[in-house]
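Dock chain F against the given chain B, drawing on the hints supplied.
Residue strings, one per chain:
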Amino acid sequence: MSHVRMRGLAKSFGSVHAVRELNLDIERGELLAVLGPSGCGKTTLLRMIAGFEQPDAGCVVVSDEVVAGPGRMVPPERRKVGMVFQDYALFPHLTVEGNVGFGLSTRSREEREGITRRTLELVGLQHNASCPVYELSGGERQRVALARALAPEPELVLLDEPFSNLDATLRAGLRREVELILRDAEATALLVTHDQEEALSLADRLAVMRDGHIVQVGPPVEVYGSPATRWAAQFVGEVNVLSGIARGQGVETELGTFDLRRPATGAVQVAVRPEQLELSTRDGGGNAEVVSREFRGHDVLYRLRHEGGKTLLVQLPSLELHDVGDMVFVRPAPAAVTALVD
Amino acid sequence: MGLRTTVLVALLVAGPLVGLPLSFITSPGAIDQFSGFLPEAVAATFWILIGVGGGTLVLGTALAALVSFFEFPGRRWIEWALVLPLAMPSYVFTLFALGLRVPGIRSTGGAVVVFTLVLYPYVYLLARSAFLSQSRALIEAARGLGTSRARAILRVGIPLARPAILGGVALALMEALADFGTVNLLGVRTFTDAIYRVWFEAFDRDAAMQLATLLVSVTLTLLVLERLVRGRARHAQMAARGDLVPPLRLRGLPAVAAVLVPVALVVLVVGVPLVQLGVWSVQSIRESLLPVEFGASVRNSLLLAGMSAVLVPVVALLLAYGARESNSRTAATAARTATIGYGLPGSVVAVAVIVPLGWIDRRLDGAFGTGLLLTGTVIGLFYAYLVRFLALAWGAIESSLLRVPRQLDEAARGLGADRLDVLARVHVPLLRAGLATAALLVFVEVMKELPATLLLRPLGGDTMAIAVWQATTESLYKTAALPALMIVLVGLLPVALMIRLSGRIGVSDVEATPAGAGWVDVEEPEAVPA
Numbered sequence: 001m002s003h004v005r006m007r008g009l010a011k012s013f014g015s016v017h018a019v020r021e022l023n024l025d026i027e028r029g030e031l032l033a034v035l036g037p038s039g040c041g042k043t044t045l046l047r048m049i050a051g052f053e054q055p056d057a058g059c060v061v062v063s064d065e066v067v068a069g070p071g072r073m074v075p076p077e078r079r080k081v082g083m084v085f086q087d088y089a090l091f092p093h094l095t096v097e098g099n100v101g102f103g104l105s106t107r108s109r110e111e112r113e114g115i116t117r118r119t120l121e122l123v124g125l126q127h128n129a130s131c132p133v134y135e136l137s138g139g140e141r142q143r144v145a146l147a148r149a150l151a152p153e154p155e156l157v158l159l160d161e162p163f164s165n166l167d168a169t170l171r172a173g174l175r176r177e178v179e180l181i182l183r184d185a186e187a188t189a190l191l192v193t194h195d196q197e198e199a200l201s202l203a204d205r206l207a208v209m210r211d212g213h214i215v216q217v218g219p220p221v222e223v224y225g226s227p228a229t230r231w232a233a234q235f236v237g238e239v240n241v242l243s244g245i246a247r248g249q250g251v252e253t254e255l256g257t258f259d260l261r262r263p264a265t266g267a268v269q270v271a272v273r274p275e276q277l278e279l280s281t282r283d284g285g286g287n288a289e290v291v292s293r294e295f296r297g298h299d300v301l302y303r304l305r306h307e308g309g310k311t312l313l314v315q316l317p318s319l320e321l322h323d324v325g326d327m328v329f330v331r332p333a334p335a336a337v338t339a340l341v342d
Numbered sequence: 343m344g345l346r347t348t349v350l351v352a353l354l355v356a357g358p359l360v361g362l363p364l365s366f367i368t369s370p371g372a373i374d375q376f377s378g379f380l381p382e383a384v385a386a387t388f389w390i391l392i393g394v395g396g397g398t399l400v401l402g403t404a405l406a407a408l409v410s411f412f413e414f415p416g417r418r419w420i421e422w423a424l425v426l427p428l429a430m431p432s433y434v435f436t437l438f439a440l441g442l443r444v445p446g447i448r449s450t451g452g453a454v455v456v457f458t459l460v461l462y463p464y465v466y467l468l469a470r471s472a473f474l475s476q477s478r479a480l481i482e483a484a485r486g487l488g489t490s491r492a493r494a495i496l497r498v499g500i501p502l503a504r505p506a507i508l509g510g511v512a513l514a515l516m517e518a519l520a521d522f523g524t525v526n527l528l529g530v531r532t533f534t535d536a537i538y539r540v541w542f543e544a545f546d547r548d549a550a551m552q553l554a555t556l557l558v559s560v561t562l563t564l565l566v567l568e569r570l571v572r573g574r575a576r577h578a579q580m581a582a583r584g585d586l587v588p589p590l591r592l593r594g595l596p597a598v599a600a601v602l603v604p605v606a607l608v609v610l611v612v613g614v615p616l617v618q619l620g621v622w623s624v625q626s627i628r629e630s631l632l633p634v635e636f637g638a639s640v641r642n643s644l645l646l647a648g649m650s651a652v653l654v655p656v657v658a659l660l661l662a663y664g665a666r667e668s669n670s671r672t673a674a675t676a677a678r679t680a681t682i683g684y685g686l687p688g689s690v691v692a693v694a695v696i697v698p699l700g701w702i703d704r705r706l707d708g709a710f711g712t713g714l715l716l717t718g719t720v721i722g723l724f725y726a727y728l729v730r731f732l733a734l735a736w737g738a739i740e741s742s743l744l745r746v747p748r749q750l751d752e753a754a755r756g757l758g759a760d761r762l763d764v765l766a767r768v769h770v771p772l773l774r775a776g777l778a779t780a781a782l783l784v785f786v787e788v789m790k791e792l793p794a795t796l797l798l799r800p801l802g803g804d805t806m807a808i809a810v811w812q813a814t815t816e817s818l819y820k821t822a823a824l825p826a827l828m829i830v831l832v833g834l835l836p837v838a839l840m841i842r843l844s845g846r847i848g849v850s851d852v853e854a855t856p857a858g859a860g861w862v863d864v865e866e867p868e869a870v871p872a
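Just so you know, the sequences run in chain order B and F. Position one of the first sequence corresponds to residue 1 (this note's numbering), numbered consecutively onward. Position one of the second sequence corresponds to residue 343 (this note's numbering), numbered consecutively onward.
Pulled out of the complex, with its shape left as it was, chain B reads as follows (with noise of 0.2 angstroms):
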């Protein structure tokens, strides 16, 4: 059984439906990442999880206890649930360290003293443990946040969008750092966001949230390789969808012949992520024209005008670059394997 269980899960605001026959399992120990774009519901399945707000319909079962469900509703402080706040929400009257051991009230004192400290450790903040939390830095506050949701050692902890309050260049390092503290924990954690780079990199599964339910879940490498819809597609990076004629193992595009994740016959729609196109110059000539060049450092993207009138997105590393205006043949990249959409 898994630990975290949610089942036919609905919530409306008067005639908006946030979330609509939602089912999805968290495993002990895991992180999973929810990623959809916002006003997809992810905040309303947070608040319904963390007991916030009351399912319409469905039930959310933590370790083996139905914290909400018909006729069934734990209030949040019983439902050992921690939550990490997109802006952190820590008390500003309190220091780091009676914001981490708020949980622990009714711990004896050295219990409280010790667990405190212990975790200000995992989170690297022994040092700034009587600080007022308003001279703490954006990355500090974070992890304060982290510690104070681990601190009572909840069955689950939440994370609504951890990372979208801190600018780009904290934002990759203390993703990693969030990532071994939640390991360290041996924590539960669901993890909410609306980049998918960051539920690409940081999640051991990743549910794909469109319009109030879940659409794919799976490890990020099937989710992105073989995305189950051409929204997900989309959604999840970027991509072309080609049309062509499926035989088993491959299909046959007007770009020239991919293999298929899975075999299948007939007309069907492909999608093939942009690095899994090449490019190739001959004297000049070429089967599409470079529309815009979107240099990025280490890689390039490229947007083409095919000679079908197709627009193709290819991306490649900044090796060799092609300029605006010139003529290209577009061909499949070696390996290039790709899943059918609707």
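Calculated directly from the structure, the hints in this document are not laboratory data. From a predicted model like this one, the values you see are computed outputs, not experimental measurements. Do not take every clue at face value.
[Unchecked claim] Cβ pair distances, simulated, as ranges: (1) F:ARG748 / B:VAL241: 40 to 50 angstroms; (2) B:GLU153 / F:ARG774: 25 to 35 angstroms; (3) F:GLY648 / B:HIS127: 39 to 49 angstroms; (4) F:ARG748 / B:SER2: 25 to 35 angstroms; (5) B:GLU21 / F:ILE841: 54 to 64 angstroms; (6) B:GLU238 / F:ARG774: 45 to 55 angstroms; (7) F:ARG748 / B:GLU27: 23 to 33 angstroms; (8) F:ARG748 / B:GLU65: 24 to 34 angstroms; (9) B:GLU27 / F:ARG774: 42 to 52 angstroms; (10) B:GLU177 / F:LEU660: 41 to 51 angstroms; (11) F:LEU660 / B:GLY14: 26 to 36 angstroms.
[As the list claims (entries may be wrong)] One-sided excerpt, in silico: chain F residues whose CB lies under 10 angstroms from chain B: (12) GLU752; (13) ALA754; (14) ARG755; (15) LEU772.
For each residue, glycine too, the CB sits at the ideal point set by N, CA and C.
Frame of chain B, contents of chain F only:
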């Protein structure tokens, strides 16, 4: 906690006010025998509204523009000194003017001058904060289009601040309408005065209620107007954000005038009266002219003010916290209803609460022979103070509560704290300043309060405010001086507090700052623009 508390408090406070217009149904025509009062009351009230409206508008806006757009020696002191008249109750200033036998003071014009001098700070404060929040870019844009600085202020600065200025005028007018002491002492027959006379000279409660209903309708119109323009003011200020308008340094004669005019005003309204009251106080002690039972009136004032300062903020906290917890439209409406007593004249509130209390009294007396348990004791008075000043305490607490992000509640809940825990461990520590402010404001207002106390006080329950009024009506100005001086000195406390707080960023700015623990930073004093 929650919705039920909020609705209950709202019913308790607003219920009696709803009863007022019912008097037209239960005893129609009660007012007819006093219909001679009406034309006079309407005319006097009308001229006071016009005069005080115009006076505070011009004086308050001009002074606010002076300290906001210009730099001159001592500006930072003058900026704050101009707020001091707020501490001067208008009836105390009236006592001073009467004692000096200022010619022509016993007239509607005299009342207009008195009100304008003590009430202009409402306009001044709101206009000033609107001017200071204006973006430099707007004034500079106007200058870039070829207008002079003075014209830019007139054509851009003041129009942008118009909602705030009108909101200030509405507040000043509500205060003037609520006043009883000044108009009564000056012999101006307004509505509040008519209510008093119908009540005490004719003992006709129904007629008093009907007069009160008429007065309330004027006040409510002003209240609605004030809320409407304040809503727009917030919008206008949000839109204009950026660098402060750099003040223009005045030199020579204009600079001298810029210093002398405000200083003269404050000296006239606060300085001279304080000195004069001081002199009279000393004389009254030497010549044993103190009010009868002066000690008792000081004790009564302190007791009433002190107990109200506990009771009213606690009820306000229940109201505000309940509304926040239940987070429903009903609760928000209930909270707004409960604060309607704000700006209602004390005489109206007294008339309104006496009816339900009297009814309960008669039932209790019939059943247990308790006598006049509620109307004959301070309980009725506390009830009136609660109705009248709940909004004041609520405002102070609510504005602190607004600064506490809801996520803090949720974070605490998620960490195992139940609702009472959250109130005790998160809100009360964070609201300490707001609660203290609320207590101070209520304390001072109850100390100053005259009409409700006059109508509802139990026998032998005179306060300092009543002693001032009583002695002044008998032209015993020296006798009135010492209690008046004490009231003004206590009244300076919240003004001092406000000056200290106004140096900081307002709540609306906090809401606009990006989320995060950064909101604590508002406790840091804002740098005063040089």
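Results for each hint:
A beta carbon spacing of about 42 angstroms between ARG748 of chain F and VAL241 of chain B agrees with the range 40 to 50 angstroms that was offered as a hint. Take GLU153 of chain B and ARG774 of chain F: their Cβ atoms lie about 32 angstroms apart, and the range 25 to 35 angstroms holds. GLY648 of chain F and HIS127 of chain B have their C-beta atoms about 47 angstroms apart, which keeps the hinted 39 to 49 angstroms range intact. Checked against the given bound of 25 to 35 angstroms, the beta carbons of ARG748 of chain F and SER2 of chain B, roughly 31 angstroms apart, stay inside it.
Under the hint 54 to 64 angstroms, the C-beta atoms of GLU21 of chain B and ILE841 of chain F, about 59 angstroms apart, fit the expected range. Under the hint 45 to 55 angstroms, the C-beta atoms of GLU238 of chain B and ARG774 of chain F, about 53 angstroms apart, fit the expected range. For ARG748 of chain F paired with GLU27 of chain B, a C-beta distance near 32 angstroms keeps the hint of 23 to 33 angstroms intact. Checking the proposed 24 to 34 angstroms range against ARG748 of chain F and GLU65 of chain B shows it holds: the Cβ atoms sit about 26 angstroms from each other.
The given range of 42 to 52 angstroms is respected by GLU27 of chain B and ARG774 of chain F, whose C-beta atoms sit roughly 45 angstroms from each other. Distance hint for GLU177 of chain B and LEU660 of chain F: a CB-CB separation of about 44 angstroms, consistent with the stated range 41 to 51 angstroms. Range check, LEU660 of chain F to GLY14 of chain B: about 29 angstroms between beta-carbon atoms, so the 26 to 36 angstroms window is met. Look at GLU752 of chain F: its Cβ gets to within about 6 angstroms of chain B, closer than 10 angstroms, so that hint holds up.
Annotation: interface hint on ALA754 of chain F holds; nearest CB of chain B at approximately 7 angstroms, less than 10 angstroms. Because the smallest distance between the Cβ of ARG755 of chain F and any Cβ of chain B comes to about 4 angstroms, under 10 angstroms, the interface hint for this residue holds. With its C-beta approaching chain B no nearer than about 6 angstroms, LEU772 of chain F sits inside the 10 angstroms limit, and its interface hint holds.
Of the numbered hints stated above, none is contradicted by the structure.
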